[in-house]
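Residue numbers (my numbering), protein chains in the order written: chain A, 1 to 179; chain B, 1 to 107.
Calculated from the structure, these hints are not laboratory results.
Only true hints are included.
In silico lysine-lysine, BS3-like type, Cα no more than 30 Å apart, as pairs:
(1) A:K71 to B:K8
(2) A:K71 to A:K163
(3) A:K163 to A:K151
(4) B:K56 to B:K8
(5) A:K131 to B:K8
(6) A:K164 to A:K151
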Amino acid sequence: MNEAVLENIRTRRVLREMTEEPVAREQIETILEAARWAPSGGNLRPNRYIVIQDPETRRLIRLVSPGMFQKAPALILICTNGDVLIEHSLPPTDRALLIDIGTAAQTMMLAAHALGLGSGPVTSFSREAIKVILNLPASYSPEMFICIGHKAPTARPGMKPWKKITWRDLTHWERFPEG
Amino acid sequence: MSENWVLKEDEAIELLALLITSARIQMDEPAHYAPMRLLTATERLSSAILERASDKSRDFLQSNIERIPELRMTMSDVEAYAAGLDDLCREVAECLLRHSNISEDSS
Numbered sequence: 001m002n003e004a005v006l007e008n009i010r011t012r013r014v015l016r017e018m019t020e021e022p023v024a025r026e027q028i029e030t031i032l033e034a035a036r037w038a039p040s041g042g043n044l045r046p047n048r049y050i051v052i053q054d055p056e057t058r059r060l061i062r063l064v065s066p067g068m069f070q071k072a073p074a075l076i077l078i079c080t081n082g083d084v085l086i087e088h089s090l091p092p093t094d095r096a097l098l099i100d101i102g103t104a105a106q107t108m109m110l111a112a113h114a115l116g117l118g119s120g121p122v123t124s125f126s127r128e129a130i131k132v133i134l135n136l137p138a139s140y141s142p143e144m145f146i147c148i149g150h151k152a153p154t155a156r157p158g159m160k161p162w163k164k165i166t167w168r169d170l171t172h173w174e175r176f177p178e179g
Numbered sequence: 001m002s003e004n005w006v007l008k009e010d011e012a013i014e015l016l017a018l019l020i021t022s023a024r025i026q027m028d029e030p031a032h033y034a035p036m037r038l039l040t041a042t043e044r045l046s047s048a049i050l051e052r053a054s055d056k057s058r059d060f061l062q063s064n065i066e067r068i069p070e071l072r073m074t075m076s077d078v079e080a081y082a083a084g085l086d087d088l089c090r091e092v093a094e095c096l097l098r099h100s101n102i103s104e105d106s107s
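Chain A on its own, in the form it takes in the complex (with noise of 0.2 Å):
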């Protein structure tokens, strides 16, 4: 057993609160390798990811994504590529590339935190906006940013959970009964 590997889950937290210290590229580029790895379906890949570390470019990001609480020095945009679903005929709303935005995003989360990083995914943002702001590809739909950076010494602990749970709560054992 990996318990180190199970520690890193228990433990990732989503951080709100970030000091302006830069992220390593280094440890950027290891998070993306990591999300590399992240289950795709069929394999397909059409999750893209941006790096955006430019402080203008940061603030102009910041201002039209309302759910981006964070001061990250580091964002990353996953987004998925259009041209990937025609070449496989796969209709946009296919279930598929919802699941492969949250296998990539949980995967560089836990990434950052083995890093020592702190993370946060928003996908409460325009997507117009942020097409236009980066200049994105026509092919190219912004799905969610996930923030990367340090914890900041006065970072307050995250949301109250709506009610406690265990994963006995989420969980039902084989068939369902009748009636």
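We have chain A already, so just place chain B on it with the hints.
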């Protein structure tokens, strides 16, 4: 009444960007996210105008900047969230009174 200019054009445009993009994303998000977006706008506006604000407003604005991030985190505790928002409503009403010409004997 105060006629101080407290917001620069760039700051106003930035706030507009937040409000416009919030309006759009709110169409795809749960209704209970809406107060959070308005609180974020309140926090950013408070930060933008704090330096140039008069004494009548400064404590209220500073309080917003300090308390809103924490208040947002109580979203899942509906009663605490509502109580925190009610506190802000009372404080903004007091701030309005400080800015108004209303006199005590007008009641």
